[in-house]
Amino acid sequence: MSMDAKELIARRVALELHNRTLVNLGIGLPTLVARYVPPGIRVAFQSENGILGFDTRPPEGMENPDLTDAGGSPISALPGAWSFDSATSFALIRGGHLDMTVLGGLQVDAAGRLANWMVPGRMVAGMGGAMDLVVGARRVVVAMQHAAKGEPKIVPELTLPPTAARRITLVVTDLAVIEPTDEGLLLRERAPGVTVDQIVAATGAQMLIRGTVPEMPIAPAPEGAPG
Amino acid sequence: MRIAINAEEAAKLVPDGASVMVAGFLGVGTPERLVEALVARGARGLTVIGNDTARPGLGIGKLIDAGCVARVVASHIGTNPVTQRKMLAGEIQVDLVPQGTLAERIRAGGAGLGGVLTPTGVGTAAADGKRVIELDGREFLLEPPLRADVALLHAHEADHFFNLAYRLTATNFNPVMALAADCVIAEADEVVPIGVIPPDAVRTSGILVDYLVARGR
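The listed protein sequences derive, respectively, from chains P and H. Taking the numbering used here, the leading residue of the first sequence gets 1, the next gets one more, and so forth. Taking the numbering used here, the leading residue of the second sequence gets 1, the next gets one more, and so forth.
Just so you know, the hints here were simulated from the structure itself, not pulled from any lab data. Source: prediction; values computed, not measured. Careful, some of the hints might be misleading.
[Stated by the list, open to error] Some residues of chain H that are not near chain P, with every Cβ distance over 12 Å (derived):
#1 Arg-2
#2 Ala-40
#3 Arg-41
#4 Leu-58
#5 Pro-144
#6 Arg-147
#7 Gly-195
#8 Pro-198
#9 Tyr-211
[What the hints assert, rightly or not] Some, not all, of what chain H presents toward chain P, calculated at C-beta under 7 Å:
#10 Leu-26
#11 Phe-140
#12 Pro-175
Backbone N, C-alpha and C fix where the C-beta goes; we use that ideal spot for every residue, glycine too.
Extracted from the complex, chain P is given alone in its bound form (with noise of 0.2 Å):
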């Protein structure tokens, strides 16, 4: 079996679904999580642009202009669904009815802080959504390669403007899963194939590493789906 990185990030976040609650993917490589969600496990995926309770994309040809996700990408609406205007999708958001969102990360920090909207002077694409989703979902989860360009995206202290001031949940890597804690960061699982020595070296901030670290689960693949 093959896979790449982005597919192993999106199947080991895809087992911190649960069973009926309510979750936001960040546009990217979280939006890939919707494809593995565990045989059982029954979710409500929220858009920020206003729809709860949609699924991937529509049959060929079934698009509609007015039905899209957070990235403009064309949806289907499940039975049950709810549209509504921005006011309100945001006081979901904000409000504590939101078990969980999964973003894109540039860099999580030593004290688990995340930066990813924004690279001074370089990239200025705006917050759109992402510090109310940090500030306001129950569990956030980071969804991100390890590093990028041999640089390690889990560094001491941000470099990069941070994106809110709270600690986030759990950073799922190519290489690893780690956990933010009062004491650090804490290494819980190493991706197949990987040595904690790999990890270590391709880490920039300090890791808490406490006895066998095991190999992390991750959702099965659908059925007929490759791979």
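Using the hints provided, position chain H relative to the given structure of chain P.
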């Protein structure tokens, strides 16, 4: 009986230098014909308030391309390289506002509130120049209300009273912007007789809509 106008007439209601709320999310729910009419009129110096600037050639992106815009208030410009280039060149001022904060500031502007207290942005660049207020041990930013001279809306259906109904994710900022501008202009895909949109499905009352641009006009 209220009379619909055409997009060209609507564009004349938006003076150069006006502040304009433009509904939509990456172009979905944006009144494209009103945007195109503003471009055709050669509007200049607009302050555009919207979620994002879509892409070149789409939605608010058309106003950016045509040089109609002096200032943008938005949550995200990452999908439009022209906005980013013009910002870095100093041709457009961009004020980035977290998306939920933008929605609440507009809601406050239309609801007669003096502002909103939000935990979003505390400890980030979004807090620059803002008052931080502590309540029950939690910190909040005091965010001012936002209003505009004109709001440009897109509805799926409008009836003869200018009641509006939106569809799916094309709803987004339309309902809140409808309350937050001195002049509200709506564009609709379909126009239907009064009563076809039942009261529970009316999302914006025609009382709030000053002008309607009907389909094909």
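Task: Structure versus earlier hints - violations, ascending order - done: 4 and 11
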